[in-house]
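Number of protein chains: 2
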Amino acid sequence: MFRTHTNGELSLKNLNEEVTLSGWVQTIRDKGFMVWIDLRDRYGITQLVFDEDRSSQELMESVKKLGREFVIQVTGKVIERASKNPKIPTGEIEILVEKLNLLNASELPPFTIEDETDGGEELRMKYRYLDIRRNPVKDKLIFRHKMAQKVRNYLSDKGFIEVETPVLIKSTPEGARDFVVPSRMNPGQFYALPQSPQTFKQLLMVGGMDRYFQIVKCFRDEDLRADRQPEFTQIDCEMAFVEQEDVLEIFEGMTASLIKEISGKEVGRFPRMTFDEAMRKYGNDKPDIRFGMEFIPLSPEGKKMESGFPVFDDAELVVGINVENCADWTRKQIDGYIDFVKRPQIGATGMVWIKYQQDGTLTSSVNKFFNEDALKKIAEKFGAKPGDLMFVMSGDTYKVRTQLSALRMELGNQLGLRKGDEFAPLWVVDFPLLEWDEETGRYHAMHHPFTSPKPEDIHLLETEPGKARANAYDMVLNGNEIGGGSVRIFDKTLQSKMFDLLGLTKEEAESQFGFLMNAFKYGAPPHAGLAFGFDRLVAILDGNEVIRDYIAFPKNNSGRDVMIDAPSAIAKEQLDELSLKVETRE
Amino acid sequence: MFRTHTNGELSLKNLNEEVTLSGWVQTIRDKGFMVWIDLRDRYGITQLVFDEDRSSQELMESVKKLGREFVIQVTGKVIERASKNPKIPTGEIEILVEKLNLLNASELPPFTIEDETDGGEELRMKYRYLDIRRNPVKDKLIFRHKMAQKVRNYLSDKGFIEVETPVLIKSTPEGARDFVVPSRMNPGQFYALPQSPQTFKQLLMVGGMDRYFQIVKCFRDEDLRADRQPEFTQIDCEMAFVEQEDVLEIFEGMTASLIKEISGKEVGRFPRMTFDEAMRKYGNDKPDIRFGMEFIPLSPEGKKMESGFPVFDDAELVVGINVENCADWTRKQIDGYIDFVKRPQIGATGMVWIKYQQDGTLTSSVNKFFNEDALKKIAEKFGAKPGDLMFVMSGDTYKVRTQLSALRMELGNQLGLRKGDEFAPLWVVDFPLLEWDEETGRYHAMHHPFTSPKPEDIHLLETEPGKARANAYDMVLNGNEIGGGSVRIFDKTLQSKMFDLLGLTKEEAESQFGFLMNAFKYGAPPHAGLAFGFDRLVAILDGNEVIRDYIAFPKNNSGRDVMIDAPSAIAKEQLDELSLKVETRE
Numbered sequence: 311m312f313r314t315h316t317n318g319e320l321s322l323k324n325l326n327e328e329v330t331l332s333g334w335v336q337t338i339r340d341k342g343f344m345v346w347i348d349l350r351d352r353y354g355i356t357q358l359v360f361d362e363d364r365s366s367q368e369l370m371e372s373v374k375k376l377g378r379e380f381v382i383q384v385t386g387k388v389i390e391r392a393s394k395n396p397k398i399p400t401g402e403i404e405i406l407v408e409k410l411n412l413l414n415a416s417e418l419p420p421f422t423i424e425d426e427t428d429g430g431e432e433l434r435m436k437y438r439y440l441d442i443r444r445n446p447v448k449d450k451l452i453f454r455h456k457m458a459q460k461v462r463n464y465l466s467d468k469g470f471i472e473v474e475t476p477v478l479i480k481s482t483p484e485g486a487r488d489f490v491v492p493s494r495m496n497p498g499q500f501y502a503l504p505q506s507p508q509t510f511k512q513l514l515m516v517g518g519m520d521r522y523f524q525i526v527k528c529f530r531d532e533d534l535r536a537d538r539q540p541e542f543t544q545i546d547c548e549m550a551f552v553e554q555e556d557v558l559e560i561f562e563g564m565t566a567s568l569i570k571e572i573s574g575k576e577v578g579r580f581p582r583m584t585f586d587e588a589m590r591k592y593g594n595d596k597p598d599i600r601f602g603m604e605f606i607p608l609s610p611e612g613k614k615m616e617s618g619f620p621v622f623d624d625a626e627l628v629v630g631i632n633v634e635n636c637a638d639w640t641r642k643q644i645d646g647y648i649d650f651v652k653r654p655q656i657g658a659t660g661m662v663w664i665k666y667q668q669d670g671t672l673t674s675s676v677n678k679f680f681n682e683d684a685l686k687k688i689a690e691k692f693g694a695k696p697g698d699l700m701f702v703m704s705g706d707t708y709k710v711r712t713q714l715s716a717l718r719m720e721l722g723n724q725l726g727l728r729k730g731d732e733f734a735p736l737w738v739v740d741f742p743l744l745e746w747d748e749e750t751g752r753y754h755a756m757h758h759p760f761t762s763p764k765p766e767d768i769h770l771l772e773t774e775p776g777k778a779r780a781n782a783y784d785m786v787l788n789g790n791e792i793g794g795g796s797v798r799i800f801d802k803t804l805q806s807k808m809f810d811l812l813g814l815t816k817e818e819a820e821s822q823f824g825f826l827m828n829a830f831k832y833g834a835p836p837h838a839g840l841a842f843g844f845d846r847l848v849a850i851l852d853g854n855e856v857i858r859d860y861i862a863f864p865k866n867n868s869g870r871d872v873m874i875d876a877p878s879a880i881a882k883e884q885l886d887e888l889s890l891k892v893e894t895r896e
Numbered sequence: 311m312f313r314t315h316t317n318g319e320l321s322l323k324n325l326n327e328e329v330t331l332s333g334w335v336q337t338i339r340d341k342g343f344m345v346w347i348d349l350r351d352r353y354g355i356t357q358l359v360f361d362e363d364r365s366s367q368e369l370m371e372s373v374k375k376l377g378r379e380f381v382i383q384v385t386g387k388v389i390e391r392a393s394k395n396p397k398i399p400t401g402e403i404e405i406l407v408e409k410l411n412l413l414n415a416s417e418l419p420p421f422t423i424e425d426e427t428d429g430g431e432e433l434r435m436k437y438r439y440l441d442i443r444r445n446p447v448k449d450k451l452i453f454r455h456k457m458a459q460k461v462r463n464y465l466s467d468k469g470f471i472e473v474e475t476p477v478l479i480k481s482t483p484e485g486a487r488d489f490v491v492p493s494r495m496n497p498g499q500f501y502a503l504p505q506s507p508q509t510f511k512q513l514l515m516v517g518g519m520d521r522y523f524q525i526v527k528c529f530r531d532e533d534l535r536a537d538r539q540p541e542f543t544q545i546d547c548e549m550a551f552v553e554q555e556d557v558l559e560i561f562e563g564m565t566a567s568l569i570k571e572i573s574g575k576e577v578g579r580f581p582r583m584t585f586d587e588a589m590r591k592y593g594n595d596k597p598d599i600r601f602g603m604e605f606i607p608l609s610p611e612g613k614k615m616e617s618g619f620p621v622f623d624d625a626e627l628v629v630g631i632n633v634e635n636c637a638d639w640t641r642k643q644i645d646g647y648i649d650f651v652k653r654p655q656i657g658a659t660g661m662v663w664i665k666y667q668q669d670g671t672l673t674s675s676v677n678k679f680f681n682e683d684a685l686k687k688i689a690e691k692f693g694a695k696p697g698d699l700m701f702v703m704s705g706d707t708y709k710v711r712t713q714l715s716a717l718r719m720e721l722g723n724q725l726g727l728r729k730g731d732e733f734a735p736l737w738v739v740d741f742p743l744l745e746w747d748e749e750t751g752r753y754h755a756m757h758h759p760f761t762s763p764k765p766e767d768i769h770l771l772e773t774e775p776g777k778a779r780a781n782a783y784d785m786v787l788n789g790n791e792i793g794g795g796s797v798r799i800f801d802k803t804l805q806s807k808m809f810d811l812l813g814l815t816k817e818e819a820e821s822q823f824g825f826l827m828n829a830f831k832y833g834a835p836p837h838a839g840l841a842f843g844f845d846r847l848v849a850i851l852d853g854n855e856v857i858r859d860y861i862a863f864p865k866n867n868s869g870r871d872v873m874i875d876a877p878s879a880i881a882k883e884q885l886d887e888l889s890l891k892v893e894t895r896e
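Sequence lines, in order, name chains X and B. The numbering of the first sequence is my numbering, which starts it at 311 and goes up by one. The numbering of the second sequence is my numbering, which starts it at 311 and goes up by one.
Warning: the hint list may mix true and false statements.
In this list, chains with the same sequence are indistinguishable; a pair is considered to hold if it fits within one copy or across any two.
Here are the simulated lysine-lysine pairs, BS3-like style, with alpha carbons at most 25 Å apart [to be verified]:
(1) Lys527 with Lys456
(2) Lys831 with Lys802
(3) Lys456 with Lys468
(4) Lys802 with Lys375
(5) Lys341 with Lys387
(6) Lys436 with Lys831
Because the hints were derived from the structure by calculation, they are not lab data.
This is chain X alone, in the form it adopts within the complex (with noise of 0.2 Å):
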């Protein structure tokens, strides 16, 4: 036996017990005639002492061999530590060793093992086998799979079966890139790995399967933007003979149970936001509402601005937010929020600032269109009071909203309002059905070609289709989107509509659509579901927001595993095989 407890489990209780424990050599502190080691392993640090008076000599010898990462197994006694240390389990003991057996050395690591390391983002992943044995790591790793866990059997216990479906299915013509797999047995043709299991999880429907889950793995081909990864895990779902009520009613109870397990808190029935309501209030469809802000338009609705200021009055909307007590930042702190807007991934070409002093006097950076008089009229407005500081910007009103919604989550940021530990869940609902693309000139399925309109919306897609409203739902956490999804068409007829909309003929619906539409005609039941993008959603809940932390073997920005060195060339026999050959463009 390598071990009658691990690192992290003695305590006064196991005194002058005799115990064989083993793990990696964290520090080794040598005086000479006495040596101490931090013991570590996956459950915690044990120390360990030796010492001329109570070690053989033999022993002495070995333990000053000994570098750091080094794989022991030590035996020997329990006692109790002379200074304790209060902030590990351990703190109190130490083990007097006896016996030590040298199980593996090791190399000089490239970096420290220690929750602050010394090591770069680059080496660490290079090297994620070393990296995964820090605390920060590892704990992540055992949160993702305790948040997976929960999630399996709450969705388990409510009569949810997991099924897995195929990884090697057919490429679809759907947004994103399909990753191919060429197909030895059938020569020039090729799987695609699946960008989700939607197909598949409505056909579990048609099935009859009418509660279905899987945690499941997802690939898209994009050009990676900043944490994104070409490989990453969904929590899909799918529900038979349901109403958006019932999808909402189920998922809200599983993200709750998620927040209670970590928080120890009830949130409560999750507030629900239209998709217009979220827009005009924090320029965003998926606002964090840990934190107040909220739009005030100036300009009144649907026209512009009389105030004499030509930058305001020329726009389609003026818009700002009030930042409590923050009248007395310097000339220079506010401009750096004005570089922020300006910077051009944000694209502002300026903004307004208002103080409202301490002394009720109020100034801005526009005092020569707006006096005093007119300073507190808008003031009124923002609800603002004495040491408040208001920010307003004008242009088109999606640009601006959502230059205005940068900033919000800026100041959220700066100010120190967005708190890991707090979680505030909503509904974002009744999302647009159709998006109009200029490029193409002709409407695009927001959430999905098979998306239901509201019922009460069904008449638009004759006069106004742009402003039907869909049975689509996000679940948005802390100012991410964590989960989507939507209520299903299952009407032959609507459906049909909906292609037409789309200004899909019908030989283009049947050539992409065919295979679920055939499946349709043998007695869809009505359906509805939702995915949670796992990665982030335990991010999120870690009170994190970086995704790649919570992968346990990640990509890097070019898609590229650095520790294994993938992708890379193959041999020629093996194209050979594939009937493939590689042909790299100049």
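Using the hints, position chain B against chain X.
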């Protein structure tokens, strides 16, 4: 709300309640003035009743328009049935329907959705989504889910962490062929799909995650034999700071808990059998020990027989089995089994039979060479009693054992000794470390190159490597290998020795395994693991051996999904983007 109850839960307790149900029309019995419908969903069947006296004329007209597999919603009152059906949970009640809502019509399905269907395998695979509506298919998927949940909870309770390892990895020169995935962003380079997470789980051990598991899809581009799938699911496990005994203990416990869950029976400690013993007693390294018929050798250990019967006397091994109570078989019955072993797949040239007749006399197919006294002596060796039948085969040791093993299994099947509801697990241990490959004239690792020899056999690596046994183990259940694994080598010197034995130069070892070897430099702990074939495990636990039945959307023997018609050709633009050209050989 689409339903207040499912179709499997109403009983006399709900008498007179108004309920709403949804589901598929399973059957319609139309007596003109009365119509009964069996309404089906995932949970069961509820009988609906419509009659001229109690139902509106409109309702009677609507119900007559329904057909098989139409999706309907009904509201009505729970009433007591006149003629009860004790076979189903809802058999005492029916629903007097007041409202009928047609949710979706259905074309006539291509086969009947009944437990016994009229659809052939190919047709059912093509319309798998309809096949899943049938209880035998649906129940198997639900069974699979329950087993996965049980495994996850069992291992989680034991401190195992499920870690998702990547699907897009690097091609390795292991046994079977990898599926590869061209990388668009890295032209001319390919990912590979994992045949198993072997490397990653060993890296997790190096990373200190000392109890790992994962229920994970793996991929193998093999020429498919019957019931082999290109994608399959493994329960993949690894532990650090353990010896073989610790691994056996944990996974024996896991399997026993699954068996307990299914059968309510405690199977107790699993018997252990060395590979050598299994081969001697059953001619097979995965013996079905639900029944006896152990092999009895007639030729003396390591020597030839001297019986006067040249077929026996020339053979390396003469070995037989005793089939109890079958002495009354006709010549035709016996000839059937002789023909069985002479089939080319089995390849025996013949077989001797000996009948120990009820009256105590003995007769055989070799009376010319063996008088009754000689036969009696054989019968004694076999422990046969009057009424028993003996079969004896002879030839080269390995061949004859394999042939006799096939006969034993066939007899087990025919005599009903392989009972689906009986579980006989065992461990087969002490596998040979190496296999001699005639073709290449060198040793191959029987398990894999990181498998540790038994410490007491390490000296044999210098002298008789073929005789060295490995710390490798298989879990066998009812004659199927359901899992296997090994203690891994973690010592550099021993690993080099292994590479030498396998005929790998330093350069080859470096290029094939350098990556893992490199990780092992930084303090690899002693570790061991195993993997279960989950598809097979589930089938066998459910008393079945056809794994395809337990996969929601399986592929056929050519690796095709006939339902979605994959693999398939992809567009030239897609190939261009991947810098690939298809070159089909003539």
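Item to check | Unsatisfied constraints (hint numbers, rising) | outcome: Nothing - there is no hint that the structure violates, so all of them hold.
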